[in-house]
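Residue numbers (our numbering), protein chains in the order written: chain A, 7 to 451; chain R, 175 to 218.
These are calculated hints, taken from the structure and not from any lab test. Glycine included, every Cβ here is placed at the ideal spot set by N, Cα and C. Hints are supplied without guarantee of correctness; some may be wrong.
Restraint-style ranges between C-beta atoms, simulated for each label pair [stated by the list, open to error]: (1) Y206(A) with N178(R): 31 to 39 Å; (2) V143(A) with P205(R): 38 to 46 Å; (3) N178(R) with T115(A): 27 to 35 Å; (4) L214(A) with L189(R): 34 to 42 Å; (5) I440(A) with M201(R): 37 to 45 Å; (6) R412(A) with L189(R): 32 to 40 Å; (7) N178(R) with W22(A): 16 to 24 Å; (8) L189(R) with S181(A): 28 to 36 Å; (9) D435(A) with L189(R): 26 to 34 Å.
Residue strings, one per chain:
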Amino acid sequence: MQRLLMHSPVAVAMGWIGAYLFITLLPLLILLIYPVTVGRGFWIDFSVALGFIALAMMSLQFALTARINRIEASYGIDILLQFHRFTSMVAFVMVLVHPAILFIVQPQTLQLLNFPIAPWRARMAVLSTLAFIALVVTTIWRKPLKIPYEPWRASHSVLSVLAVGLGFGHALGVSNYLSLFWIALLWSAIVLAALWLIVYVRLVKPWLMIRKPYVVESVNPERGDVWTLALRPIGHDGFRFQPGQFAWITLNITPFSMREHPFSMASSGEHPERLEFGIKAVGDFTSRIKDYQPGTKAYLDGPYGVFSSDRYEDAAGFVLIAGGIGITPIMSILVTAAERGDDRPFLLIYASKSWEEITYREALEELKQRLDLTLVHVLRNPPSNWQGETGYVDQELLDRYIPSRRGTRQYFICAAPKMMDQVEQALQDLDVPITNVHMEHYNLA
Amino acid sequence: MRYNLMLQVVGLITLILLGTAALFAWMQNRPVSETQLTTERVDN
Numbered sequence: 007m008q009r010l011l012m013h014s015p016v017a018v019a020m021g022w023i024g025a026y027l028f029i030t031l032l033p034l035l036i037l038l039i040y041p042v043t044v045g046r047g048f049w050i051d052f053s054v055a056l057g058f059i060a061l062a063m064m065s066l067q068f069a070l071t072a073r074i075n076r077i078e079a080s081y082g083i084d085i086l087l088q089f090h091r092f093t094s095m096v097a098f099v100m101v102l103v104h105p106a107i108l109f110i111v112q113p114q115t116l117q118l119l120n121f122p123i124a125p126w127r128a129r130m131a132v133l134s135t136l137a138f139i140a141l142v143v144t145t146i147w148r149k150p151l152k153i154p155y156e157p158w159r160a161s162h163s164v165l166s167v168l169a170v171g172l173g174f175g176h177a178l179g180v181s182n183y184l185s186l187f188w189i190a191l192l193w194s195a196i197v198l199a200a201l202w203l204i205v206y207v208r209l210v211k212p213w214l215m216i217r218k219p220y221v222v223e224s225v226n227p228e229r230g231d232v233w234t235l236a237l238r239p240i241g242h243d244g245f246r247f248q249p250g251q252f253a254w255i256t257l258n259i260t261p262f263s264m265r266e267h268p269f270s271m272a273s274s275g276e277h278p279e280r281l282e283f284g285i286k287a288v289g290d291f292t293s294r295i296k297d298y299q300p301g302t303k304a305y306l307d308g309p310y311g312v313f314s315s316d317r318y319e320d321a322a323g324f325v326l327i328a329g330g331i332g333i334t335p336i337m338s339i340l341v342t343a344a345e346r347g348d349d350r351p352f353l354l355i356y357a358s359k360s361w362e363e364i365t366y367r368e369a370l371e372e373l374k375q376r377l378d379l380t381l382v383h384v385l386r387n388p389p390s391n392w393q394g395e396t397g398y399v400d401q402e403l404l405d406r407y408i409p410s411r412r413g414t415r416q417y418f419i420c421a422a423p424k425m426m427d428q429v430e431q432a433l434q435d436l437d438v439p440i441t442n443v444h445m446e447h448y449n450l451a
Numbered sequence: 175m176r177y178n179l180m181l182q183v184v185g186l187i188t189l190i191l192l193g194t195a196a197l198f199a200w201m202q203n204r205p206v207s208e209t210q211l212t213t214e215r216v217d218n
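Sequences and hints are given; from them, build the entire structure.
Here it is, written out as structure tokens:
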């Protein structure tokens, strides 16, 4: 799979999209094996089909967000989450259009909105739609509504279970098509699979994490308001990871609380017995990192991510582009390469606010002795005697440093979203093959 | 840019889903010819 992804990511994407369409449309396809019943009119059946498709899409969201390694290993969690957001919006519009068509074609069905006298199947539809509306509103406008991440995540799970559960209850109650054996069987399988994923994510996975605890070994300050959190496994060997990957950390509370946060490992992939994470103090949780004492219990879910040089063993070299705390996974790539005695050329273009705020500045200088590493610092507020690069990582700057044979390198970008978009566009304008460009979005919320 | 690509992919998926929903609705309501009805009656 990994080799196929390297050589033909488009083929793998087509495979996944085909599987997604097949599962989403399966309920409709199965209905076609039954003889045609008395026609209820094109628009009524179109509305029903939209309802079925929306329910299948909503059920599939549980698979997209369950961190299933087989799916995640193809494109990475950030891409999956973006797909989850886009397809959720499509399902949401379908959920709204589904009754709207009914109300237009059969205006008497508007009475089903009269909640106290409406049958249960209609009440469940209304409640499911309200849960879905609450889901979308609290997600899109989470920050303006000032909903903290952790309560939002908990409510997101509850609301999504309500939306799908009540939607399924509504379809069962209407029972036009769900009275057919194979359709009832298929929907039961889909809903049971979604329920299993919830049980797996909420109960099984935390239980597995509890069996492999870690302890905080140290919390050390770095330049740029960053803290290096070092964890040591207790009673097990830790986990091996590919440099550049990340894990979800739960600190000082039970994993069943689901209050976990994703961070990239900054240490060598060759040392599972000591995992280091670079954490910038910017939010509620990250600002408290410095207060955790050695000995604090920790739990990890990982490793995850496809942002790793290990996936491109036959690359002639690497171009690494980091902005601010985006250096963390790239540091792991460099440290691991140094430890393995990797003799390929590495070019690191690293944008920081100022000379004093360059995270891992000294460690990177040391790595130059152990690796074929070209280090280009780009400062936004340089000191008066600065001779190096300033401003932003733009096309002109990249053109001066990246090799003229663009396709001989693999390009890794980790920075704030705006910088990543600009760098990606600049690389494309410089004729870097799109399949050679890899990005890590560190804001998954 | 890759998010724009994905937006296009999701747009294409949506079109396929809507097209299949319309095809399904049409098939459930397609006009059945007298010959077909006779054949079905004989089969039954």
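So, going through the hints one by one against the coordinates:
1. Between Y206(A) and N178(R) the Cβ separation comes to about 33 Å, which falls inside the hinted range of 31 to 39 Å.
2. V143(A) and P205(R) have their C-beta atoms about 44 Å apart, which keeps the hinted 38 to 46 Å range intact.
3. One distance hint, 27 to 35 Å for the beta-carbon pair N178(R) and T115(A), is violated here, with the actual separation near 39 Å.
4. A hinted range of 34 to 42 Å for the beta carbons of L214(A) and L189(R) is consistent with their spacing of about 41 Å.
5. I440(A) and M201(R) have their C-beta atoms about 40 Å apart, which keeps the hinted 37 to 45 Å range intact.
6. Separation of R412(A) from L189(R) is about 34 Å and conforms to the stated range, judged on CB atoms against 32 to 40 Å.
7. The supplied range of 16 to 24 Å is met by N178(R) and W22(A), whose beta-carbon atoms lie about 18 Å from each other.
8. For L189(R) and S181(A), the hinted distance range of 28 to 36 Å is satisfied, since their beta carbons lie about 30 Å from each other.
9. The given range of 26 to 34 Å is respected by D435(A) and L189(R), whose C-beta atoms sit roughly 30 Å from each other.
Comparing the model with each numbered hint stated earlier shows that hint 3 is the single one that does not hold.
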